[in-house]
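A.B. asks: As a plain string of letters, each chain reads:
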Amino acid sequence: MTTPTPARPEATEPVLEVRDLHVRFAGRLGLGAGLAGKKATESRAVDGVDLQLYPGEVLALAGESGCGKTTLARTIMGLEPPKQGEIRFEGKPLGKSTKLLREYRRRVQMVFQDPTAALNPRQTIYESIAEGLRVHGISRGPNGETEEQLVALALSRAGMRPPERFFLNYPHELSGGQRQRVVIAGALVLDPEIIVADEPVSSLDASVRGEILKLLLGLRNELNIAMLVVTHDLGLAWTIADRVAVMYLGRIVEIGPAEDVLTRPLHPYTKALLEVVPEAGGIDRPFLAGEPPDPTRIPEGCRFNPRCPEVASGEAAAAGVLDACQSQDLGLGELRPGHFAACHLRARETPDDPA
Amino acid sequence: MSVLSTRDLTVSYHTQAGPVPAVRGVDLEVNTGEVLGLAGESGCGKSTIVNAVLRLLPPKTEVTGEVLLNGEDVLAMKAGRLRAVRWSAISVVFQGAMHAMNPVQRIGDQIAEAIVLHTKAGEKEAQVRAGALLEQVGLPPRRLRDYPHELSGGQKQRVMIAMALACGPDLVIADEPTTALDVMVQAQVLQLLKELQRELGLAMLFITHDLSVLVEVSDRLAIMYAGKIVEEGPAVAVFQDPRHPYTRALSGAFPQIGDRTFRMAPSGLPGDPPFPGNVPSGCSFHPRCPLAFEECPTIDPDLYVAGDGRRAACLLVKRGDPVEAAH
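First to last, the sequence lines map onto chains A and B.
So the first sequence is residues 1 to 355, counted in my numbering.
So the second sequence is residues 1 to 327, counted in my numbering.
Warning: the hint list may mix true and false statements.
On the chain B side, residues computed to face chain A include the following (Cβ under 8 Å) [what the hints assert, rightly or not]:
id, residue
1, M1
2, V213
3, V215
4, P270
5, P273
Beyond 12 Å from chain B on every Cβ pair, some chain A residues (computed) [unchecked claim]:
id, residue
6, C67
7, L101
8, H232
Simulated from the structure, these hints should not be mistaken for laboratory data.
Even for Gly, the Cβ is constructed at its ideal location relative to N, Cα and C.
Pulled out of the complex, with its shape left as it was, chain B reads as follows (with noise of 0.2 Å):
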């Protein structure tokens, strides 16, 4: 069942300089028990749809299209309606879990005002659920008491999983969740989301630049890039076997260890994504792409079939041609 729904959204920034279009027609689907893994790079609009789904958008931030939590518009919602979902149908892990608290509260009220507030529970029996929570994601009640500069960035990480989860969300955003993270502290931060997302069958929006750390955690995986998807289907498959070029680059800056061709061959994509307000022509990734040909700059790609499950917004695609690998 599907649980967040977008069907073409867009969002534009308004900026002095005029409409900056960060997000240009974004369908996206999140179901039961699913984790959707949303990758892409700096200033392509994956936050951007965060907020949008929340709506934490800046006034005057133009929005179109229809965000669907559990069939529900959240862009139509009233204010006291939206203040019922978020938390309680719609929660967030955010990046910096260091920035993300209040330094000069005690972490068990932390995780309890987000429950009275958004649930009947009394303080009390917050304080309790705080507790049992805390237990859930793996540190003992007691540390309730302290303060978020007694964690290591590791615990913190683990109290904001907590918290999104105190009111039974729905849905989970995790944006960046372990970014900031060592490479040991992340592996394990990794593992409790997904064994937690397993055990509650929640669904799961999962965002990352990083696309092997999506393809670990994800079902599904959907790549972004300058404001569109240019790809979608089962994570394995597209991590593996892309079909856009550019997915294909970007898997290949993951080496896998121990495989030869990546050896001494580092390979990546000549130029920079594109400032959003500045897309090119026609398919916006074609000044990058290995694989260009003339109708590249004037044909904007829809997501064409691309095999089971799966879509990819090339014209190399629509006419059947293998996406071959560019180095």
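In isolation and in its complexed conformation, chain A is listed as follows (with noise of 0.2 Å):
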């Protein structure tokens, strides 16, 4: 149904960039230990993450949990103060310009994972969505079209056709797919270039899944908008996404074209992630052992290297780099065109490894 129109980064520029992020939180600490003069712990949530979104692409954000895809979204969304860093937004920092800002939070706009929660209950679809529209001060659309036009043509590019019948709906009377359908349209009614997806179908029934996602890249193919979309869900990155990112423990450590990340892995981490998608007839497979790390305790050196199955082997002492491993802290190297990873030992490898 929809063809692949493959995202060409090196013919653009970005329309959304991240430059060195970071976001932390604060840790809590006891009356006690307060007095003792001992200091909270930090969460590195976000710990220094470049990222670059063209227009009309999809790029998929992938992790465990606590590995700081959300809160890297939210802080792109404006909802959590970055503590260092900048994020652009066609090739102009955001500062804090309250014009810019406005503007910029009316194009680039949030789905959230749960539509149940994301909808205020006691609304009509119809202020549902126009709310935006009233938040922004838009009275009329770029064509002259009323409200109640712009409301009726949001929904229908959401798939909720004929729109009219749903403007007096409250949300406890539509399923789960058509609150999320909704959601969308509510995100849509602002005319955004930029949808920023938090585990968009992961609390939607199985069978309904496909067709927001269907509809997530219908808007990308029609209407070029670009989407970040933050799933722990590969396979879903496999189904929609031009380009893959993957996040270990608040920075990003590989990054490229989805075809190349998912069938020829670089980092170890992702080939982890990758070995534990459930497959057909057996779970009897090595996994990597252990609990999601935490982002108080960032390990020094690689980040991955008390996990990393090629230290666990040997592989990085064979290598030579298992010193690099445990001191130095690397950033991501482009060892493939497009394709980028932090990983002492494939950085070594390079360029000629087949993998």
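Take each chain as given, in its own frame, and dock them per the hints.
C.D. replies: Okay, structure coming up:
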């Protein structure tokens, strides 16, 4: 039904760019410990992220819980203040300019995981969607449409047809899939350039998910909306993403074209993530042991080294990079065209390693 | 040997708006040493089956048919017998490990409580056994003295598994045991469950909406839709070569990474699963079925033989037509 439109990052300027972004959360401290002069441990939820989102591309941001992917998305939306770093929209830094921020908040819209929680249960669908327009003081569309026409257009673009039928419904009268469509319509009504979707289908029934993904992909193809899709599900990334970024402990450790990252991963963590995707007929595979890592205690060197199977197997030592793994923090390196990874071992092996 | 079997089980909830049939005639069979995976979406009746088997349904709920546990009808048991059977013959690993435990009791005491209540063991013996159980699920016995909040999500779910095994049951029901867990931890917990099931030769009824998880741990699958089983058979065959259009749609929702047919081609079904109080006529799936034809709204299909050890409730199967890909 849909034709793949490969994103060509090199051809255009990013619509959104994140540079060296850091977000920290203060830890809690008991009264006694506070009086004793102890400091609360800070949680480095996002710990130096660089990311570009190009017009009309779908970028999936994947990782296990606690890796900072949701915090990154929320910070991009302006829902968390960054400690350091900047966010640039269409080449301009956001900074503190209220005018620019206001504009930004209209053109970058968020779709949350749970549509039931995202909608006001006492508001009709019409009111929920028109609220965005009112907040931004928009009473007429670009072609002179009335508010009612704009709401109807957004609903029908989100697949709620005929839109007028749903104007006076309340969220509880709709199914889960329909509610998520209403949330998406609420984003569309403001004619955004970017949609940030945090686990957009994980609270929906399996048979309904595909339709919502189809809708998102269709919006990208028709309206050229760029999407940042936060997900723990690599299968979803395989289905709709042009590029995939894998996050671990507040950093992006691998990013590149979806097909390349998911079928020929470079970083050992990406491999481990792919390993746990359920497979027909077998659970007898080696899995990464241990619990999701703790962002208050980020290990020295490569942040993945204590869990890294390449370190454990002695592969890293044999290649002579073990020291580096344990002592040198490293950034992303372009190990294949357009495919970046932060791994000492892989960086040593490239350029000609077919992995 | 059959540990659990249901015969024409129906469950109808009593509501102010009248009876709501949540389960509409289900036959299930779980044998010793076998994992039966039961899949379906929210509202299809899968959790109602669990509650019917354990007799945990609210009063006034109408239950008919038979639930045979080792040949004995659970629905006809007296209260005392039911108490004896619960946990020692049949136990459950519930979905929300976070909420299923008492937050102000040490986990050792919580495990021991089940042992003391359901076996002849004394307090001391129960504590020793609780320690052994923790080791079995991969936790050091010293964690017996921990409170639930001191454990991570995955560890709590391990404790829940230890509890389920405490009295040596014949059948373990796992109701969405990994849904709230992270992907890595989910894989570890699934592996543990599968290992223990094999080692102890348990019969297991594994329930989840996530078909891909189910295929990994189950021997056989049963797919539910609107209160009925619509397809059953060997797990891998059902997942990879579905005979019912609903199963096909469901398995299409779990893409295989690397398979290009899924790339940029999400597949789903139009519409939503029906509300149990308002099930469509004939085949309950027909309003959403891409292959529905004129007879579907009027004939409610039985489970027809659909290959080796397989059955599917679809008129196309009865006719012998292939259920082709819908997208």
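A.B. asks: Which hints from the list above does the structure break, by number from lowest to highest?
C.D. replies: 1, 6, 8
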